[in-house]
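Going by this note's numbering, the final residue of the sequence shown carries number 333, and the count climbs one at a time with no gaps.
Each hint should be verified, as a subset may be incorrect.
To be verified - Here are the simulated DSSO-like cross-link-like pairs (lysine-lysine), alpha carbons at most 27 Å apart as the crow flies: (1) Lys202 - Lys212; (2) Lys289 - Lys152; (3) Lys287 - Lys271; (4) Lys212 - Lys171; (5) Lys215 - Lys202; (6) Lys171 - Lys215; (7) Lys215 - Lys260; (8) Lys171 - Lys218; (9) Lys271 - Lys215; (10) Lys218 - Lys205.
As the list claims (entries may be wrong) - Computed spacing ranges between beta-carbons, pair by pair: (11) Tyr253 - Thr166: 18 to 24 Å; (12) Met285 - Thr151: 27 to 33 Å; (13) Glu156 - Lys212: 35 to 41 Å; (14) Lys212 - Glu242: 36 to 42 Å.
It is worth saying that the hints were derived from the structure and are not from the lab.
Note that the structure is predicted; figures quoted are calculated from it, not measured.
Think of the CB as a built atom: it goes at the ideal place given N, C-alpha and C, for glycine as much as any other residue.
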Amino acid sequence: MAPGAITKFPAEGLRHARRFITSHNEKGQGVFVVDDDGDHHRVMVQGEAVANIIYSTKGAKVDLNDEKDLKYAKENEPAIHVPGGSVARLIDFAPGMESPIHRAMSIDYGIVVEGKFLLSLDSGESKVMLPGDMSVNRGCMHKWKNLDEERSGRMLFVLLDVEPYTAPNGEVLEEFLGDLAGDYADVAH
């Protein structure tokens, strides 16, 4: 790893984000059952980023009975997305870090939490995103760049599975992780 590489969550200079999960007590009242920083952390892109899985689910409708969803989220670290399910992850990006170009076959909601990012598409189009800005990526090839050369940045991504998609040119689009593939090689898809 390069000097200044990210080795853990959170990245240096970013606040320690907490995750709060609720459930119900015996009276049916809402209670907090988890107060932590996530079950699954993954250093990625040779120390240029770290992912923190906030939560993941399987199935179009999530089964809350007997806390099945809590068990699934704790025991299953997701790949880039969960087929038939969802994943919410924070990613801390090192200063100046640019992700490899990639595509998950999902709807990706991307929200800038801290920092200034450039979202670039394979068409050459790009947009600068600031804290609070959101993107909805519908299966497009894309990459992210933390535009701050001095500070780490943070984004929240929520990915939902989609039906197979045929682009207007007739191509059936598939997931493409490129240089990110190695970062997910040990987790089931």
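Hint check:
no. : hint                        : result
1   : Lys202 - Lys212             : holds (10 Å)
2   : Lys289 - Lys152             : holds (20 Å)
3   : Lys287 - Lys271             : holds (11 Å)
4   : Lys212 - Lys171             : holds (19 Å)
5   : Lys215 - Lys202             : holds (11 Å)
6   : Lys171 - Lys215             : holds (22 Å)
7   : Lys215 - Lys260             : violated (35 Å)
8   : Lys171 - Lys218             : holds (25 Å)
9   : Lys271 - Lys215             : violated (38 Å)
10  : Lys218 - Lys205             : holds (18 Å)
11  : Tyr253 - Thr166: 18 to 24 Å : holds (21 Å)
12  : Met285 - Thr151: 27 to 33 Å : holds (29 Å)
13  : Glu156 - Lys212: 35 to 41 Å : holds (37 Å)
14  : Lys212 - Glu242: 36 to 42 Å : holds (39 Å)
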